[in-house]
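**Q** For reference, the chains in residue letters:
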Amino acid sequence: MTRAILAILRRDLAISLRAGGGAGIGAIFFLSVVMVVPFAIGPDQKLLSQIGPAILWVGALLASLLGLERIFGADAEDGSLDLLLLSPLPLEIAAFSKALAHWCATGLPLVIVAPLLGLLLGVEMKGLGAVTLMLLIGTPAIAFLGLIGAALAASLPRAGLLIAVLIVPFTIPVLIFGTAATAAAITEASPFGTAFKFLCALLLFSAVIGPVAAAAALRIGRGA
Amino acid sequence: MRLTASGISCARGGRTLFTGLSFALSDGELMLLTGPNGSGKTSLLRQIAGLLPLESGSIVCEGFEREEETHFVGHLAAVKDALTVSENLAFWVELYGGNAADLAGVLEKFRLDRLASLSARVLSAGQRRRLALARLAAIRRKLWLLDEPDTALDAEGRAMLVGVIAGHRAQGGTVVMASHGTLDAAPSQEISLAEVMRTAAA
Chain A
1 MTRAILAILR RDLAISLRAG GGAGIGAIFF LSVVMVVPFA IGPDQKLLSQ
51 IGPAILWVGA LLASLLGLER IFGADAEDGS LDLLLLSPLP LEIAAFSKAL
101 AHWCATGLPL VIVAPLLGLL LGVEMKGLGA VTLMLLIGTP AIAFLGLIGA
151 ALAASLPRAG LLIAVLIVPF TIPVLIFGTA ATAAAITEAS PFGTAFKFLC
201 ALLLFSAVIG PVAAAAALRI GRGA
Chain B
1 MRLTASGISC ARGGRTLFTG LSFALSDGEL MLLTGPNGSG KTSLLRQIAG
51 LLPLESGSIV CEGFEREEET HFVGHLAAVK DALTVSENLA FWVELYGGNA
101 ADLAGVLEKF RLDRLASLSA RVLSAGQRRR LALARLAAIR RKLWLLDEPD
151 TALDAEGRAM LVGVIAGHRA QGGTVVMASH GTLDAAPSQE ISLAEVMRTA
201 AA
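Quick note, the sequences are listed as chains A and B, same order.
Residues in the first sequence are numbered from 1 upward in steps of one, following our numbering.
Residues in the second sequence are numbered from 1 upward in steps of one, following our numbering.
Please keep in mind that the hints were generated in silico from the structure rather than gathered at the bench.
None of the values given here were measured: they were computed from a predicted structure.
Don't take every hint at face value.
Stated by the list, open to error - Heads up, incomplete: computed chain A residues facing chain B, CB under 7 Å, no partners named:
#1 A4
#2 S80
#3 S87
#4 L91
Think of the CB as a built atom: it goes at the ideal place given N, C-alpha and C, for glycine as much as any other residue.
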């Protein structure tokens with residue numbers, strides 16, 4: 001089973017990182033959002049550094065929604081999805097592996113560039129560390145939730161918008177607890193532990209529910 | 001092993017394709033599915049694979065697990081352009097738990113050995129089909145479901161495919177193949193879906 005999981009990770013990573021795979025789209029979008037915000041807000045350094053972590057969170061959330069349709073859409077198009085369904089690997093495990101590969105290719109780069117973009121917004125050192133750590137926990141949670149939308153829309157062409165509309169409401173708790181934990185870490189006004197634990201719980205919850213729900217959606221969808 | 005279908009029917013988009021179809025297959029058999037375009041050959045193959053729900057009736061497998069012993073080669077080749085020819089084959093071998101040691105031999109058999117390190121983007125339609133069919137030889141599974149497997153193959157490719165199917169049957173494998181009769185593979189049974197519809201209508 002480990003061999004099959006590694007095979008999916010290797011393949012999906014290779015496909016997204018090679019030419020035309022679209023791994024960079026999310027990171028470029030994230031960069032664009034964060035770059036234009038200071039121009040819209042105006043040259044108020046204090047305000048920017050205050051709202052900086054929240055902007056990083058919103059940018060990362062929206063960037064994570066891009067490319068979700070590629071998780072299953074490309075496989076549905078070329079017949080790979082049928083073979084994935086017929087493989088001895090449980091579909092839930094296959095879906096988990098695909099979400100993990102998707103996050104490594106598109107989510108991890110967001111986490112890596114987040115501190116650099118934070119500098120552009122004038123976020124202080126402590127805040128940079130906090131927001132990066134929270135994104136490290138929050139973005140995979142968003143990927144696992146997005147997996148459900150990707151599976152539901154697997155057989156639909158150009159389903160990116162539909163997936164985003166379906167998934168955004170479910171990612172709101174991640175955003176709430178993510179920003180709350182980040183703010184708590186920076187200002188120390190409220191206890192940091194509670195929001196942080198909720199964020200971790202959301203990741204564990206979505207890592208279990210996401211693949212199971214996605215596998216169910218794929219099984220129902222194959223008759224269509 | 002034995003595969004028994006009794007009274008199965010299929011409806012797609014509100015239109016009944018076939019009803020009351022029954023057959024039984026055992027080791028070494030090749031069942032040929034014929035019928036005009038849109039008569040339900042692909043749908044029947046997908047039903048046997050478990051990729052499409054049965055409208056009615058049942059398919060029973062004895063002596064083997066359908067989930068673990070089925071190859072499905074459909075119209076779509078499941079080939080990724082971003083990967084090389086050998087990476088494409090190696091992925092399915094890893095996922096299906098096949099023998100990864102003999103990939104070079106399989107690629108040579110399907111005349112893809114010289115293309116092994118090239119991107120699958122450059123393959124012609126016939127070469128793409130060969131790569132899809134190479135899965136059959138690279139991973140051992142008892143039941144093969146082939147949907148017009150000779151599409152885009154040249155004469156040599158068709159002869160090789162006939163040989164591969166004969167070899168599989170000689171080892172006790174079972175094949176269900178949809179075809180327009182362009183492949184001379186000596187079937188042991190034949191189902192004409194056009195006739196099934198006529199009988200059902202009468």
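**Q** Which earlier hints turn out false for this structure, listed by number in ascending order?
**A** Violated: hint 4 alone.
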